[in-house]
Each structure stands twice: as C-alpha cells, then as structure tokens.
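Since the structure of chain A is already known, use the hints to place chain B on it.
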Amino acid sequence: MANRGANRTRLLWVSLLVTSLFLITLDLRGVSVISSIRTGTQSVLAPVQRIGSNVLSPFSNFFKDITNLGRTNSKIDALKAENERLKSELIFNDNVLGELEQLKGVLNLAGKARYKVVSARVISKGGTGTFGETVVLDAGSDSGIKRDMTVIADAGLVGVVKSTTKSSSVVLLMSDPSFRIGVRVAGSQDMGILSGEGEGKFSLRMLSATGQLKAGDVLLSRGSSGDKPFVPGVPVGKVITIDNSTGQLTKQGRVMGFVDLNALGVVSVVIASVDGNPGDALVPQAPKPAPTVTIFVTPTPTATE
Amino acid sequence: MTLNRLPAIAIVFLLFFILQESILNKIDFFIGGFSLYLAFFMAWIMQDERNSAVATGFIAGLIADLSPTLEAPFGLWTFILTSMSYVLATNVRAALDSEISPVVMSIVTVSGSSLALFLFVLCGAILGQDVGSSSYVVQEIFGNAMWTFLLSPLYVPITVALYRATLTARNR
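First to last, the sequence lines map onto chains A and B. Here our numbering is used: the first residue of the first sequence is -18, the next is one more, and so on. Here our numbering is used: the first residue of the second sequence is 606, the next is one more, and so on.
Since the hints were derived computationally from the structure, they do not count as laboratory data. A few of these clues could be false.
Partner residues aside, some chain A positions facing chain B, computed with beta carbon under 7 Å [unchecked claim]:
no.	residue
1	-10
2	-5
3	5
4	19
5	23
6	26
7	29
8	60
9	112
10	115
11	129
12	151
13	178
14	179
15	206
Virtual Cβ for every residue (Gly too), placed ideally from N, Cα, C.
In isolation and in its complexed conformation, chain A is listed as follows (with noise of 0.2 Å):
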C-alpha cells in the first residue's frame, strides 16, 4: 500500500517535472505567451511596488545602516541636537529633497549633452532569487519608454530598458554580469569592452593591443547604431587598477562606475539624442581645490616701562 503511494508521488514528480521542462523549452525558444505572462506580471505588481516603495523608503537602508553604528558612536551626541530640531519637519522630505537633488544632477547632465528624457522613480529592485541586477521604474511604454533605451543618473549609466509595460520599466543595471558595453577612454579615445560583475564591480579590456589605459581614465560609452541600446558620451566609470600580468593580448582592467546603483532615486531614459555624439563634454570635472587663505600677523612693537 505504502509502495503504491510512494510510486503515485514518483509519478506525478516525473509528469510534473517534464511539465516544466517543457516551459523552459518553451521560452528557450522565444515563444511569446511565455514572455507576455512576465510583462502581465509586471503591469499587475506596478502599482503594489510604488506602494510598497513609498511605505518603505524611509527603512529600506535599515540593515546597511545598522553595520555603520560603531563608526558612528562619536557622532551620535551631536546627531540628537540635531534631531531635535528635525522633528518638527516631516520624516519624507529627506526623501523627497534627495530625488529632487538627483533629478537636479540627471536633468544637468542630459541637458548638456541634449538628450531628450523621461525621468521616473525607482520603485522596485530583483531580488535574491533572479541573480540579475534590475531596477523597476514607475514610468513605462505610455511615457515614451521603449525597449533598449539608455538609462542614466546623475552622475552617469544606469544600465538599458530590459522590458517595458504601460506604467512601468524593467533597467538591466550596468552591474548586471549581463550586461557589455562599448566604452572609449576620454581624451585617448581607446575602445573597450565593460562587463558588470555583479555587486557594484566592473571589468574592462581594451580592444587593440595598442590601447593605452592608465589609472583615473575616464570612460565613456561609445553609442550604438541608431542609439539603441547606447547613446554616445555618457559617463560610465573610472579606472581603478590596471592588471598588468602577461600573457594578455590586450589591456584590461578593473573599473569603478560613477553612479551608486545602490542609492538610486529618481532616473532618466534616454528618449532621443538631439545633437548626436556629446564628445567628451560630459566627462566629470575633477573638483577645484579650494584656495587656502594664509593670513600673516605681524607683532607690533609696544612700549614697554
């Protein structure tokens, strides 16, 4: 009796395994409906995620800061002063201050290389199961978002327009192990190849055996046929430490992107390009250092009895 039980279980394990092997066949071989339940799935969970996304923005980073509290001991007298005086203010406005000053940085930067944007709301982030690293955006097909469209932030790439439903986007994040671009290095305009690896970390090899790389290079992607899925000139990163070991045909090298895929607020996508190829003009200014005032006193002699 107990046999016969064990075999029904076997049974339907097997029927329901080859079931889904037979999706993964499915999708593997690009049928629609497979793709269409996702995107489904995503127009359904839009609005629960922006929900979830303002209820929790003020607690989101609770973890990460708790890792921070013995460095910050020292500074908590001073904090409580402070907070003091905060508490008369609304517990959002951080927040909203915050997007407002990352929505201030990515409209400066489109509007220098002249970039035609949408800018939206990170409302949602993949999760430990996907293994991928996307944001989901409040802002979708209805708002000009297309697929392979650039994404950008303040201070430079985001990643590319994954998916797209009415109200909301998928962004492959640059981080993504996915995820390859075309970069030049600004001022040498040596071309490359950037891979995400995952967590923030990023790789590059150049293309020619000849291309020079050296330490605080800036690069820059390098733009795409009708500028899909790259816009030319945006910022990607910053070369860190150059890997020097032989054997290598060509440079490569470990790079630190400008933007904090971790803090993201508020985005924009690239629609259009208006004026082509930017060049190097948004590569970031290195801060000025500023003047150090000596001031010299000179003792006056005084009488003395």
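This is chain B only, laid out in the frame that chain A set:
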C-alpha cells in the same frame, strides 16, 4: 492530497510572492539579500505530505517564475522547486521525527534555500545564463542563508499557522 487545498495554497504563495517583489526586494540587506519566498516554501514543504508537497512545489515554482526581473528561462524555478519538494518530502522529512522542532526546521530551511539557489545558478549557467563571478554567487547564497536563519523566529510560526489554516477537515 486533496485537490481543494490547492487554490488556497496558490493564493498564500501568491501573496508571499507579491510581498517579496514589492517590499523585501527593495530592502538593502548589507550582505546578499533575503528571499522570504524561498524560506517560506521550504518551511511549508517540511510539514506537507508527499503528494501535496510535490504539487505545492510545482505551484510555488510557477509563481516564482512570474518575477519580471528574472533573467532565467520561464520554468527553471518550477523545475528546481518541484525537485526540491520531492527530495524534502520523501528523503529529508522521512528521516526526521513526526513533530519537527523549530530549530531543525530552521536548519533545514537554511540548507534547502541555499541548495535551491545553488541549483538555480548551476542550471542557469548550463542554460547559458550569465550568473556573475563565483565570489558574487557565494556572497549572495551566504547572505541569504544568514538572513534565512536569523529571521526564522519570525517566519516559521507564520508558516506553521498558515499551513494549518489551509488544511481541510479531512487533512486534520
């Protein structure tokens, strides 16, 4: 297995999926992330009878595959969760006492979630998906295991209560 339990199970898993996608994915855990959905699934399966567990694995997998941010082919989570549910319900469950202690349930949940994530990466890689460097994968799996263990006092009682709520009179 009673078929009239399945709609209730599907609704419960759908609610946890929405919770995961709209709230938990937005939280910035400082190491890796936390998949409540996977943890809830493992804790649920540990209580279930074999046939029901396999059917639940299939439903939970289908729901997990709906995630719009997922790069992997549709059906991969279904494949993994159906397999995991069979292994947990037949092999692991059979080796444990009939009344599982919360500590044992936490340990099995942590191990099961980690194994499911590892299998997902492995099968994804076989199917041609880019999964990132090994350090990234290890960090993600380790982070998830840590949070799954630390937060188990919160979700295990909820899972047990919800599981009991979906039982029909005949199951009880």
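Going down the list of hints, with the structure as the test:
no.: 1; hint: -10; verdict: 4 Å, holds
no.: 2; hint: -5; verdict: 9 Å, violated
no.: 3; hint: 5; verdict: 4 Å, holds
no.: 4; hint: 19; verdict: 5 Å, holds
no.: 5; hint: 23; verdict: 4 Å, holds
no.: 6; hint: 26; verdict: 6 Å, holds
no.: 7; hint: 29; verdict: 5 Å, holds
no.: 8; hint: 60; verdict: 20 Å, violated
no.: 9; hint: 112; verdict: 5 Å, holds
no.: 10; hint: 115; verdict: 4 Å, holds
no.: 11; hint: 129; verdict: 16 Å, violated
no.: 12; hint: 151; verdict: 6 Å, holds
no.: 13; hint: 178; verdict: 5 Å, holds
no.: 14; hint: 179; verdict: 4 Å, holds
no.: 15; hint: 206; verdict: 23 Å, violated
Hint violations for this structure: numbers 2, 8, 11 and 15, all remaining hints satisfied.
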